[in-house]
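For the protein sequence lines, the chains are Y and R, in the order given.
Going by this note's numbering, the residue at position 247 of the first sequence is 247; the numbering climbs one at a time, nothing skipped.
Going by this note's numbering, the residue at position 10 of the second sequence is 10; the numbering climbs one at a time, nothing skipped.
Think of the hints as simulated: they come from the structure by calculation, not from any bench.
Computed from a predicted structure; not experimentally measured.
Be aware that one or more of the hints could be misleading.
Unchecked claim - Reference listing, derived: stretches of chain R covered by chain Y, where coverage requires no fewer than 3 residues with Cβ under 8 Å from a Cβ of chain Y:
id : stretch
1  : 200-209
2  : 226-237
Stated by the list, open to error - Some chain R residues close to chain Y (C-beta under 7 Å, calculated; not the full set):
id : residue
3  : Leu150
4  : Ser185
5  : Gly195
6  : Phe241
7  : Ile266
8  : Val284
9  : Glu285
10 : Ser301
11 : Arg307
12 : Ala310
13 : Leu311
14 : His314
15 : Met318
Glycine residues also receive a C-beta, built at the ideal position from the N, C-alpha and C atoms.
There are 2 protein chains.
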Amino acid sequence: MANITSATANADGRIAVVGTGLVGSGWAIVFARAGLAVSLYDAVPGAAERARALIGERLGDLEAVGLVEDPAAIHARVVVADSLADALSGALYVQESVLERVDVKTALMSEIDAVIGPETWVGSSSSGIGASLFTAHVACRARCLVAHPLNPPYLAPIVELVPAPWTAPETVRGVRGLMERVGQSPVEMTREAEGFILNRLQGVLLMEAWRLVEQGLATAEDVDKTVSQGLGLRWAFMGPFETIDLNAPGGVADYARRLGGLYQSIAASTDQHRTWDEPLIATVEAQRRAVLPAAELSARSAWRDRRLMALALHKREMEAADMKEESR
Amino acid sequence: MANITSATANADGRIAVVGTGLVGSGWAIVFARAGLAVSLYDAVPGAAERARALIGERLGDLEAVGLVEDPAAIHARVVVADSLADALSGALYVQESVLERVDVKTALMSEIDAVIGPETWVGSSSSGIGASLFTAHVACRARCLVAHPLNPPYLAPIVELVPAPWTAPETVRGVRGLMERVGQSPVEMTREAEGFILNRLQGVLLMEAWRLVEQGLATAEDVDKTVSQGLGLRWAFMGPFETIDLNAPGGVADYARRLGGLYQSIAASTDQHRTWDEPLIATVEAQRRAVLPAAELSARSAWRDRRLMALALHKREMEAADMKEESR
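Kindly produce the complete structure, drawing on both the sequences and the hints.
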């Protein structure tokens, strides 16, 4: 990890995780797993200690399925800081994961600005609020951006890097390099847009999913099966552009000329359906509860986490096999 | 398989695959793998024989990764018919997979109608054309519907069942039962809609993907990574409704009330971007060719097929473990 620390002469390469809920705890695992020292800080007394215990449990789960090898060593790299200043002291990078509210993030940025070193970067886990809405007032704003993960970040590699208008290009480059070195897959937006990339893509698909139910064309369960037994199989390892690039003899341009008209026509038919209103919510809620009673939500979430871990292991094995193939 | 054949006293349970290109060949594997006898027919002389040889090769690939056990026995259940009448003789079900053109499908349906038994169902692999556009004129039309697979159907279980206005409910029920018994995952539309479920969902996501590139917000490569390293991980085993049902403490209704507004706002911002025009096609084509040169398209398609096979095996193992867990 020497190539990370050498980028900032005044930092010792420590990562500060500020806000230690599920997202912050997940980030701590990402950085500690990669060999970096992590300091946890949370304004709520006792929260960082509870997070550190939870991190230990999660590392045990990851070891059990073969996703990490030495959980005790990883856990030992995660420490609880006495104060925000203590957490940020010598930090290369701060991952902020507090409540998704402009006022909360704005106040925290003032506190961070007061104690931050001259070369430390700050990434916010914000899933929807752009950094421009809570960093305008701080001196360190050129070193701030959004670094939005999918939960949990130690299983889903994606990180969306979204600069505010005043974020320095070197900040994006530096955080991108850090994320790549700790094994994440950073993507970059050139500027802020509501929902960033991930929730824009999820949002339009969800909008059509709700519309199919609203129009009585299909049940929520059948919409789900269409993805989990069909579309989602390719999307688990290829994006939408690569998928269509391989689905016409002449690649993506060939595909676009053949099918662009169909998709424009489908899109035109979706314009008037943007409601998510209460009667529709009640319909979908009833259909989901018939498939999964409310009492089983948390057990099913645990199932989802087991499946995500198994899929992460599967993908790691596949990618190792691909690399072996390429190096022949 | 006795429960399939007993549903139709006049049929011996044979499946007729009419049109033996990639899609028809894939269907033959699905039915033969499940123990059913399959007759291949293609109007192009020699095409069915070539398909049968290709099916043998594919079965070998599937055996190599552990997805089928006795490829020779499966292959032996697939025979080439001398004529359309021969293929349909005693057939429980006809899977039609000819060229995606209304005139071609209309003419073929007249031929099928002339030789079909009184209880045989006809499913079309049509990915976009509703059965109402090519079955209005035939006597057997109450027994016709669309049964649209994702390619290849022996790796992607999804089958979209889409009735024409005159399709009998018993036809939908019968074909659904058949598809379930051969291991596919049927979903039903209540009526025809352009793109059915699968391509409507893919279409809106693609539309937003193209828009992100058009607006210069992200590259095609980063859009792809956002799916393959993020969104697509959950969608490989959970649909969009189950995903959000597990993403808010109170389930899907709670999620909708929290985030419906965001998604409506995102949707409203996408209305004016429906072009897929030539300059944009050129931009995406250039970005894709930088990632994957045209000369490597077919090698990458072979990679995709290997990954799909491995994912199918992974999912089969996971589902077997889930069932063992449930039966405890």
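Here is what the structure says about each hint:
no. : hint    : result
1   : 200-209 : holds (count 10)
2   : 226-237 : holds (count 12)
3   : Leu150  : 5 Å, holds
4   : Ser185  : 4 Å, holds
5   : Gly195  : 5 Å, holds
6   : Phe241  : 4 Å, holds
7   : Ile266  : 4 Å, holds
8   : Val284  : 6 Å, holds
9   : Glu285  : 4 Å, holds
10  : Ser301  : 5 Å, holds
11  : Arg307  : 5 Å, holds
12  : Ala310  : 6 Å, holds
13  : Leu311  : 6 Å, holds
14  : His314  : 4 Å, holds
15  : Met318  : 6 Å, holds
Comparing the model with each numbered hint stated earlier shows that all of them hold.
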